[in-house]
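Trainee: Chains B and S supply the protein sequences, listed in that same order. Residues 1 to 208 in the working numbering are what the first sequence spells out, letter by letter. Residues 1001 to 1413 in the working numbering are what the second sequence spells out, letter by letter.
Rather than coming from a laboratory, the hints here were simulated on the basis of the structure. Beta carbons: idealized from backbone N, C-alpha and C, even for Gly. There may be inaccurate statements among the hints.
To be verified - Here are some, though not all, of the chain B residues that point toward chain S, as calculated from beta-carbon distances under 10 Å: (1) Ser16; (2) Leu21; (3) Leu24; (4) Lys111.
Unchecked claim - With a straight-line Cα cutoff of 30 Å, these simulated DSS-like cross-link-like pairs (lysine-lysine) come out: (5) B:Lys111 - S:Lys1223; (6) S:Lys1221 - B:Lys111; (7) S:Lys1055 - S:Lys1037; (8) S:Lys1021 - S:Lys1038; (9) B:Lys26 - B:Lys129; (10) B:Lys97 - S:Lys1258; (11) B:Lys162 - B:Lys176; (12) S:Lys1258 - S:Lys1190; (13) S:Lys1091 - S:Lys1169; (14) B:Lys176 - B:Lys136; (15) S:Lys1109 - S:Lys1134; (16) B:Lys26 - S:Lys1223; (17) B:Lys26 - S:Lys1226; (18) B:Lys111 - S:Lys1226; (19) B:Lys26 - S:Lys1221; (20) B:Lys97 - B:Lys130; (21) B:Lys45 - B:Lys26; (22) S:Lys1091 - S:Lys1133; (23) S:Lys1055 - S:Lys1134; (24) B:Lys26 - B:Lys130; (25) S:Lys1123 - S:Lys1097.
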Amino acid sequence: MSPTGSMVYVVDDDVSVCRALRLLLKSHGFRAETFTSAEGFLGFKHPKIPSCLILDIRLPNINGFALQEIMCQRGIVTPIIFITGHGNIPMTVRAMKAGAIDFLSKPFTAKDLLQSIALALTRSQVQNKKQAEIAKIKKCISTLSPRELEVFHLVARGMLNKQIASKRGTALQTIKVHRGRVMQKMQTRTVTELIRLAQKAGITSTLD
Amino acid sequence: MKNKIKKLPLKRITRIYLEDKIRQQSDELETRGGQLKKGADREKLAHEQIRIQTKAIESTLDGIFILDAKESGFPVVYANPSFFTLTGYSKSEVIGKSYFSLYGFDTNKSISEEIQQALREGKSFHGEMLRFKKNGEKFWSFLRIAPVRDSKGAITHYVGIKTDTTLMKKRDSEIEEQREELLHVTRVGKLAEFVSSLAHEISQPLTAILSYAQAAQRMFKDKEPKLQEILQYIINDNQRATEVIRRLRVLLKKSKPKFESLNINTLINDTVALILPQITSNNKVIHFELDSNLPMIYGDRIQLQQVLLNLISNSLEAMEQSSDSRELSVKSFLKDSQTVMVQVRDSGCGIPEENMKKLFTHFFTSKPDGLGMGLSISRSIVEAHGGHLEAENNVDGGATFNFSLPISIKENV
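Using the sequences provided together with the hints, build the complete structure.
Mentor: Have a look at this one:
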């Protein structure tokens, strides 16, 4: 992946560490943004490109772990590489369990950092793609009428047209029309594909 | 009277005379008898006193002996039963023998000579020494010898009391050992925490230096070979510094805590015993309010003692300045069914409001010779035990530190 098409964030309360890392990242062609607090990072408007966050654990007010939690709650999927001058095993385990890419002890070499960044950006790209896809599916779903949405849910559960018709007390023909419109709006050709979209959008449907 | 005699016949005179004489004599007899009786009473009383005093001397646990001061080797003229028990010698081996012949070869010669010197000069002697029983068994003896003078002030005897202080010594040295152990652990813990914090502080600039150098290396890639070389030196030395810190950290790695079920009150009492001399020597008073029905807690004995010792020492120091009230109270109670609380409250100078926030941070201290590690270590110990350590100022002066500890689930179910 080209470094220029991605963004590396750094959050460390030490101004000099921020500046040094920005220089190092830029020397390797990355776009970099540095913040000396978690609040600064959260206030930044992130462009929708693959990104990763180099995050210090010891920070004023909101520490690294707390920021990781907030990001999780807000659905910010930017992968995290923790850096710390005070690391221990329980801390590492905690960070990794919460989905961090790596846990680097300060001072770390450029080589170690770049390796972790490459890994993080690849994951970010995959995640971004997935998110974009989900966003697209959700957008399609939003165009469905209430009756179509209901049919979509029932189809997603694997029900046949006949079953749906009897359950809703509607003519089979009407259901066929609805389903045809759902397929059209969801931009799919086959039922299999429709079910796959429903799963991706998180619709496992329990409409009873 | 004369006239009367002349007038009366001789027979009658004689009778009066004799009667008078008899009366006188019987009076005299009566007086004498009274005197005799008094003397007997007095003697009885004296005997009783001697009996009581002898009994007292014979039943005391201290070894008591009397030496003849007029004879040259200071022979023993009396020794009570405890003396024989204490020294292991029998009555016949002691009475009439020079007191100093009982000092075996094992006993420090100079002490024996020092005592003899004192006695020869008619002085008294006080001292604690290591002695040996007849069978060679060691014991600590606290000896006091004082002269006994006759009515003219001449020294006739010496009376000595010796007390076996072996058990006291042992208890003292046990306490001393425990205190040393705790102080050692505290020192090591402080050092480890200190190094760890130092390592963190230093790792920040080291990170920056390394990144700057590596950025520069990258920027001047394939250019400026001399600069490349210098940058590499910077990187190498950076790694050297990193290695030093890493090794220091490994060296001072805190020993693994040993968790066990503990009675918090026993822990409090044991800890206070370690610093009791510090408390009492400065006219300070310590109060206990320990709830005897507390469940067991689960923790590392030494680490929790460290916390208690730290809080109590801080309180003692805080009260150093205050002249009127020097009261320290240690309280234990159940906060809820799962939590035991310990409270250390003093009547000292309290904590200035501006220090409250920084109180538990590394390197923060209000003492001229403090490291600023005690409270931060205490808090991290309590937190590692699943509890909290908080501080507050009292309304009526002084400060209170509270810490909570979860109860031991294993023991209390």
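Trainee: All the hints need checking, so say for each whether the structure fits it.
Mentor: Hints and how they fare:
1. A hinted interface residue such as Ser16 of chain B counts as satisfied when its beta carbon comes closer than 10 Å to some beta carbon of chain S; here the least separation is about 4 Å, so the hint holds.
2. Because the beta carbon of Leu21 of chain B sits about 5 Å from the nearest beta carbon in chain S, less than 10 Å, this interface hint is met.
3. Contact between Leu24 of chain B and chain S, as hinted, is supported at the beta carbon level, the nearest pair being about 4 Å apart and thus within 10 Å.
4. This hint holds: Lys111 of chain B has a C-beta 9 Å from the nearest C-beta of chain S, less than the 10 Å allowed.
5. Taking the CA atoms of Lys111 of chain B and Lys1223 of chain S, the gap is near 20 Å; set against the 30 Å cutoff, the hint holds.
6. A threshold of 30 Å between alpha carbons decides the hint, and for Lys1221 of chain S with Lys111 of chain B the separation of about 15 Å falls inside it, so the pair holds.
7. Pair hint Lys1055 of chain S plus Lys1037 of chain S holds up; C-alpha atoms about 27 Å apart against a cutoff of 30 Å.
8. Taken as a hint, the Lys1021 of chain S and Lys1038 of chain S pair is honoured in the structure, with Cα atoms around 25 Å apart against an allowance of 30 Å.
9. Proposed proximity of Lys26 of chain B and Lys129 of chain B is supported: the alpha carbons are some 25 Å apart, at most 30 Å.
10. A threshold of 30 Å between alpha carbons decides the hint, and for Lys97 of chain B with Lys1258 of chain S the separation of about 27 Å falls inside it, so the pair holds.
11. Taken as a hint, the Lys162 of chain B and Lys176 of chain B pair is honoured in the structure, with Cα atoms around 9 Å apart against an allowance of 30 Å.
12. With a CA separation close to 18 Å, the supplied pair Lys1258 of chain S and Lys1190 of chain S stays within the 30 Å bound.
13. Distance check on the hinted pair: Lys1091 of chain S and Lys1169 of chain S sit about 28 Å apart at the alpha-carbon level, within 30 Å; holds.
14. Only pairs whose Cα atoms come within 30 Å are accepted, and Lys176 of chain B paired with Lys136 of chain B is accepted, the gap being roughly 24 Å.
15. Of the supplied pair hints, the one linking Lys1109 of chain S and Lys1134 of chain S holds, its CA atoms being roughly 17 Å apart against a limit of 30 Å.
16. Taking the CA atoms of Lys26 of chain B and Lys1223 of chain S, the gap is near 18 Å; set against the 30 Å cutoff, the hint holds.
17. At most 30 Å may separate the alpha-carbon atoms for a hinted pair to count; Lys26 of chain B and Lys1226 of chain S meet this at roughly 23 Å.
18. For the hint linking Lys111 of chain B to Lys1226 of chain S, the alpha-carbon distance of about 22 Å falls within 30 Å, and the restraint holds.
19. This hinted pair checks out: Lys26 of chain B and Lys1221 of chain S have alpha carbons roughly 14 Å apart, not beyond 30 Å.
20. For the suggested pair Lys97 of chain B and Lys130 of chain B, the alpha carbons sit about 22 Å apart, so the restraint of at most 30 Å is met.
21. Between the alpha carbons of Lys45 of chain B and Lys26 of chain B the distance comes to roughly 20 Å, so the proposed pair stays at or under 30 Å and holds.
22. In summary, the hint linking Lys1091 of chain S to Lys1133 of chain S is supported, as the alpha carbons are separated by about 14 Å, within the 30 Å threshold.
23. Using a Cα cut-off of 30 Å, the hinted pair Lys1055 of chain S and Lys1134 of chain S holds, with the two alpha carbons roughly 26 Å apart.
24. Between Lys26 of chain B and Lys130 of chain B the CA atoms are separated by roughly 28 Å; this keeps the pair inside 30 Å, and the hint holds.
25. A C-alpha spacing of about 21 Å is found between Lys1123 of chain S and Lys1097 of chain S, which places the hinted pair at or below 30 Å, so the restraint holds.
No hint from the list above goes unmet by this structure.
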